[in-house]
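Work the whole structure out from these sequences, hints included.
Listed here are the chains, written in short residue letters.
There are 2 protein chains.
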Amino acid sequence: MKTVTLAMGNGGEENQALISKIFYKAFQNDILNKKEDAAVIEQGNLAFSTDSFTVSPLFFPGGDIGKLSICGTCNDLAMMGALPKYLTCSVIIEEGFSMRELEKIVRSMKKELECNHAMVVSGDTKVVPRGSVDKIFINTTGIGEIRYRGISSNAITTNDVILVSRDVGCHGAAIFAAREGIDLASNLQSDCASLSDQVQALIQHGVKITALRDATRGGVSAVLNEWAVQSNICIEIQEENIPVTCEVQGICEMLGFEALDLANEGTFVMAVDMQDEEQALEVLHSFSNSANAVRIGSVSDVYRGKVVLHSSYGTKRFLELPSGELLPRIC
Amino acid sequence: MKTVTLAMGNGGEENQALISKIFYKAFQNDILNKKEDAAVIEQGNLAFSTDSFTVSPLFFPGGDIGKLSICGTCNDLAMMGALPKYLTCSVIIEEGFSMRELEKIVRSMKKELECNHAMVVSGDTKVVPRGSVDKIFINTTGIGEIRYRGISSNAITTNDVILVSRDVGCHGAAIFAAREGIDLASNLQSDCASLSDQVQALIQHGVKITALRDATRGGVSAVLNEWAVQSNICIEIQEENIPVTCEVQGICEMLGFEALDLANEGTFVMAVDMQDEEQALEVLHSFSNSANAVRIGSVSDVYRGKVVLHSSYGTKRFLELPSGELLPRIC
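Residue numbers (the working numbering), protein chains in the order written: chain A, -17 to 313; chain B, -17 to 313.
Honestly, the hints are just simulated from the structure, not real lab data.
It cannot be assumed that every hint is accurate.
Chain copies aren't distinguished; within one or between two, either way the pair holds.
Taking lysine-lysine and the DSSO-like style, the derived pairs with C-alpha atoms no more than 27 Å apart in a straight line are [stated by the list, open to error]: (1) K93 - K7; (2) K86 - K16; (3) K67 - K17; (4) K17 - K93; (5) K117 - K7; (6) K17 - K92; (7) K92 - K3; (8) K16 - K288.
Encoded structure:
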């Protein structure tokens, strides 16, 4: 009998297969078919996105499940050029969960809502018997007001360059380190952060954004591969330009993963018209969270649907969509 | 150390306390403060509501978690006079869950979406390791287009009468019977159903709806008590008028519960201007799911904030907000 495997939740190949075969197939419609992180509805005026958070541990360096649950959904809206506005919050709590920890989580949510100038307008609270859920899971679903139209994973051309907003892989590495009790990486913390201000600043400065995506599960590799397929282009990345900290690199070596495959929660990839590259980087550099934003690659039509990684030694290889189990419960 | 108890998810007293003390307190804003099942946003044009479904067993007489997850959220929208339009669907699946059962659940969702003329426009799929969740939990969050304005739990007056759309307690009783393997109740099945068509028919026939609420967790008792407090009125119910089937009554006697406290998933309570009672019942009687809709009570100002239950023997008592553990994982 076929069963659901952990790999099917990896944000990569098996995850895409599950979503396509089961969910897209049943629910198909024009909006869903666009395969964006947030749906565009109401004549292009609103963005609508959902995320469930199951991260373990609940508290980790750089954030907790509460902060993450607001950043995650608000960022999905921001990536469609929308200002987060209304959120719902639905929690499933295990019987016996500490009330103090619940209050701490809700305080984090409140604080992060304020950063986004958004509010929770509706909610649901379930308590389930011991063993039915591990501690607490949170779903947030958000509506944002679209301020810049036309951002799309399907619209990238050879006129675009590819930027990344900061060093990659911190969230995945920090969660792994926290889970395994690895102390050596004392400076390592999740990049968990709200990105709406940065996106709105780009818009206000007139940057022509082609595509925008926060590199969560499946990391930068998943975003680039999805874009290459959806826009039918070849994305060519210079490996030496990808910012990775020593701490993240260290964790990657332990895990046998690539930093590009690790989840981020406050890092985005952007396809932007090459004429606007300088302006975009200037705007991003004015924010501490994207002070090291950098161009990592360009777009060609050499291998359509593929991502090519160029090493500093002049060799090249395909960067594949992540596959396998990666890290479960990363978000 | 204070912990979250099962009773805090009962849809009754302890549940309200948890929501007020933790969530409302942190997230407070004018929309949330209205305490409706769906938030009214965008200048009164849209309703927005969320629900997470943890029901056990996943398949039960009259429905499954898939059907329930669409009915539940669409009904919350319908209860604010809105036509369900866009839904998100976020699933958390336990590693090892049967792919065939997942497909069956998604098919039920698709079928129920069609009944509501609604679509899923965005989603999220998480897979967590064995033991982190019991089989599958589903969150749906919906946006509906408001077709009738002003429905409110805060607006009931002594001009209103109280109707119920059908016999009460089927969902709670059916879940309990399925969970415990009780065979005697062969005709017993959940009332799980979408209510949007009935509500829209009431609107089209010009019925002046004051308040509307599907009687889910906490049952009819919870709805009436919340209304009595929110509208600062006394609701007087005639016990003999409340429709309860023999099967449900039998389960209630086993459980030591009242049918009025049991969850429903396709049964609603309505406060309507007494001049419109006849018209409302006529409309409801044209639907098989509400063919037995009936007036169960009226509104006075005798005991403000309270619900009074009049027995057929001429005695009366307060019907309290349900409290204690009731049935966990009912929805």
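Which of the numbered hints above does this structure break? Violated hints: none; all satisfied.
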